[in-house]
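Numbered by our numbering, the letters in the sequence shown go through residues 1 to 86 in order.
Don't read these hints as lab results, they were simulated from the structure.
On a predicted model such as this, the values are computed, not experimentally measured, just so you know.
Keep in mind that a hint or two might mislead.
What the hints assert, rightly or not - Restricting the straight-line Cα-Cα distance to at most 20 Å, the calculated cross-link-like pairs of lysine to any residue (SDA-like) are:
id, residue 1, residue 2
1, Lys35, Lys58
2, Lys58, Pro46
3, Lys58, Asp26
4, Lys35, Lys55
5, Lys35, Asp16
6, Lys17, Leu76
7, Lys55, Lys34
8, Lys52, Lys65
9, Lys58, Tyr20
10, Lys58, Thr15
11, Lys55, Ser12
12, Lys34, Ile63
13, Lys58, Val28
14, Lys52, Lys35
15, Lys58, Asp47
16, Lys17, Phe54
17, Lys58, Ala18
18, Lys55, Gln4
19, Lys65, Asp32
20, Lys55, Lys65
21, Lys58, Leu11
22, Lys58, Gly42
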Amino acid sequence: MITQITELFGLSVYTDKAAYVGDVEDVVIDVDAKKLDSLAIGNLNPDFVDIKGFKGIKVPFRIIKSIGDIIVIRHLSHPFKAEKEM
1 MITQITELFG
11 LSVYTDKAAY
21 VGDVEDVVID
31 VDAKKLDSLA
41 IGNLNPDFVD
51 IKGFKGIKVP
61 FRIIKSIGDI
71 IVIRHLSHPF
81 KAEKEM
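Using the sequences and the hints, build the whole thing.
Rendered as C-alpha cells:
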C-alpha cells in the first residue's frame, strides 16, 4: 500500500490491456478539493502514445484502476495510436 505521494514518482504506468504508457514524473494535487487530480506521465512509449511534440501527458486520477509496484490505468483510445498502427 502506498502511503506517501512521493512513492508514486518513477512508477511505470500501464493500461489494463498491458501496454506500457510511461513513468510518473509528477503528481497534480487539487488543493481546494484536497484530492489528487492527475498524474504527469513522461518517458512516453513512442510506439503507443501519439504525442505530436509533447513530452508528457496528464492522466486523470479517475481512470487509475490500481496502484502498487506499477500503476494500471483504464485503456483510453483518444491519446493512443490505433491498435492496427502498433
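Query - Hint numbers contradicted by this structure - result: 4, 5, 7, 8, 14, 16, 18, 19 and 20
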